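**Q** Here's the letter readout for the chains.
Number of protein chains: 2
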Amino acid sequence: MWSETEVTRKLGVQYPIIQAGMAGGPASPELAAAVSEAGGLGTLGAGYWTGEQLRDAVRTVRRLTDRPFAVNLFVPEPYEVSEERISRVQERMRRYRKELGLSSEPQFPKQFAPAFEEQMEVVLEERVPVLSFTFGKLGAEWMQALKGRDVVVIGTATTVREAVTLEESGVDMVVAQAFEAGGHRGTFLSRFDEALIGGMALIPAMVDAVRIPVIAAGGIMDGRGISAALTLGAQGVQLGTAFLTCRESGAHPLHQQAVLSATDESTTLTRAFSGKPARGIRNRFIEEMADVELPDYPVQNALTREIRQAAGKQGRSEFLSMWAGQGTRLSREMTAEALIQVLVKETEKAVSRLT
Amino acid sequence: MWSETEVTRKLGVQYPIIQAGMAGGPASPELAAAVSEAGGLGTLGAGYWTGEQLRDAVRTVRRLTDRPFAVNLFVPEPYEVSEERISRVQERMRRYRKELGLSSEPQFPKQFAPAFEEQMEVVLEERVPVLSFTFGKLGAEWMQALKGRDVVVIGTATTVREAVTLEESGVDMVVAQAFEAGGHRGTFLSRFDEALIGGMALIPAMVDAVRIPVIAAGGIMDGRGISAALTLGAQGVQLGTAFLTCRESGAHPLHQQAVLSATDESTTLTRAFSGKPARGIRNRFIEEMADVELPDYPVQNALTREIRQAAGKQGRSEFLSMWAGQGTRLSREMTAEALIQVLVKETEKAVSRLT
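Top line first, the protein sequences correspond to chains A and B. Take the first sequence: its position 311, counted from the start at 1, is 311 in this note's numbering, and no numbers get skipped. Take the second sequence: its position 194, counted from the start at 1, is 194 in this note's numbering, and no numbers get skipped.
If you are wondering where the hints come from, they were derived from the structure by calculation, not from laboratory data.
For identical chains, the list gives no copy identity; a pair is met inside one copy or between any two copies.
Pairs of lysine to any residue, SDA-like flavour, derived with a Cα cap of 25 Å:
#1 LYS345 x ALA209
#2 LYS349 x TRP2
#3 LYS345 x THR355
#4 LYS345 x VAL210
#5 LYS349 x ARG9
#6 LYS313 x GLU288
#7 LYS313 x ALA113
#8 LYS349 x ILE212
#9 LYS349 x THR5
#10 LYS345 x MET1
#11 LYS345 x THR5
None of the values given here were measured: they were computed from a predicted structure.
Using the sequences and the hints, build the whole thing.
**A** Pasting the structure below:
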């Protein structure tokens, strides 16, 4: 039976289908709970949340379901704060601030990213069932603390080398984030542009190189994709874009609309919104910022926040970061429960058609 | 049964496995004949051949097998001959000519690419069973002439839009060339960098958009990849890199060795060798030429020919165009017959494991 894998056993879920931790809104408590309630693994996209926000979200999920769910975090990386790059990009973005009616002088953020320690303490205190993370690996002390509380730990790798490193660090499973995937690249050992590997090549190579289960991510939108990932050797799949257009998703309606009408040629990799390469739907901000030398992540992310928030309120999709993978042509609008049911039926059909 | 598809029926082959038309040596008559003899569809990589060379190759294949085979051609595109770019790149490449002991003044090629009409006439006169092509679509007159001789015609698409255009032009099947694929990008309707779509997203989207069979290409190296492509909806697969390291392949031994020892991070897209973006194993020539504004394809291809040929003779892999897809970690050294047999067994295993 295709749905019985090491991933379903370890996670205690019915189907090896994980909803990706789309930070910044889409992966809301409502979406996570709906996915878990329907038999998949819902994920809170907590990368940008404070400890307090995360705790509230965890409790909301627990009110809505008693099934397992995950929290997804961003592992902090060293970064430079270059005053010169900051003032150049601020200067350049002044035109957008004006268009959006924001003060010409932006607030200089007090903090570029939320405190990771604070987030981790909530994960441990609340005994979150599953922690997934991206942008690096966790130190031995965190890993020990997580194991001590029986938290299942899932790392993110964009290359075989990263998967091996994560396995050595003690994670229980690893997500193979292929080139097709939407949102931020999880690359942490290579130059990002040398770690862009399509799923057809990445998944089987990673499966051969590690003993822990591999979870395929990138471009998977329907049962055909799930069946393909499993036959490539993955023991589970992680879908972001497919869940982004669900009713319970916290994604901006314009973001959802853009995904629903996008083609296979609509997305691109950009550093414009956050300073870190991510795949999203091409728009004016991405195009006009393409030639600017940007501050590091998370500095640039903090610097564009006011613009993105104002654009959201004013319905200006040309300034929104509309993350999406390459599978947008197959996106659908329905509830998360209906989507999980459709995915399961389609996977069964795809599997039986082969034989 | 997974191996019975519209592709096997139309092509008259046992397995829906096509060997890609790797021009410039690898896709030799010996390789094509061995693949066809083993039940797949062998292909002559004729893109750079004169009509006469193509005729000789077709006759060699026919001496070795009476099974169907294909010829792969490059559809000519408009290009500019910029004297300025040519002299700048010649100036830049003088250092390599010196290292290789070539005269400092390169021969200015009389012709940048072989005559397409001449190649096509051989295809028609010899009644080649299958013609596959890339870089564009064929005009209505060619399509009519091919149909008149019962030639099965296969186009190459890197986007859904290109697949639809090819279907409208009358091709019998379309290759979905995903981001993972080695060698030249077949893109002809978009900017090449907006047509880089991973197989997990490209294959099902293309299958949904056309009525003709889709043949998946890019990163497929073993039975898991074949099974994945078929469950995504493809009715056949095209493998290049997997056949490049076969005994019968005409690839340079250093090229084969590089593929066998490459990792998932070894390849890149480059215009350095031909002026057209292609995926190959990163080497010194690619790295050092990255910042040069190059002449169009096929001008740059003609300008690097002497360097590549001398490098081949002298065993200098730093100047060879070592095309390869992203699946190199799974490459193997065996005969084409053995590879086909292994692929079939592995596909059966992958299919049965799902159910």
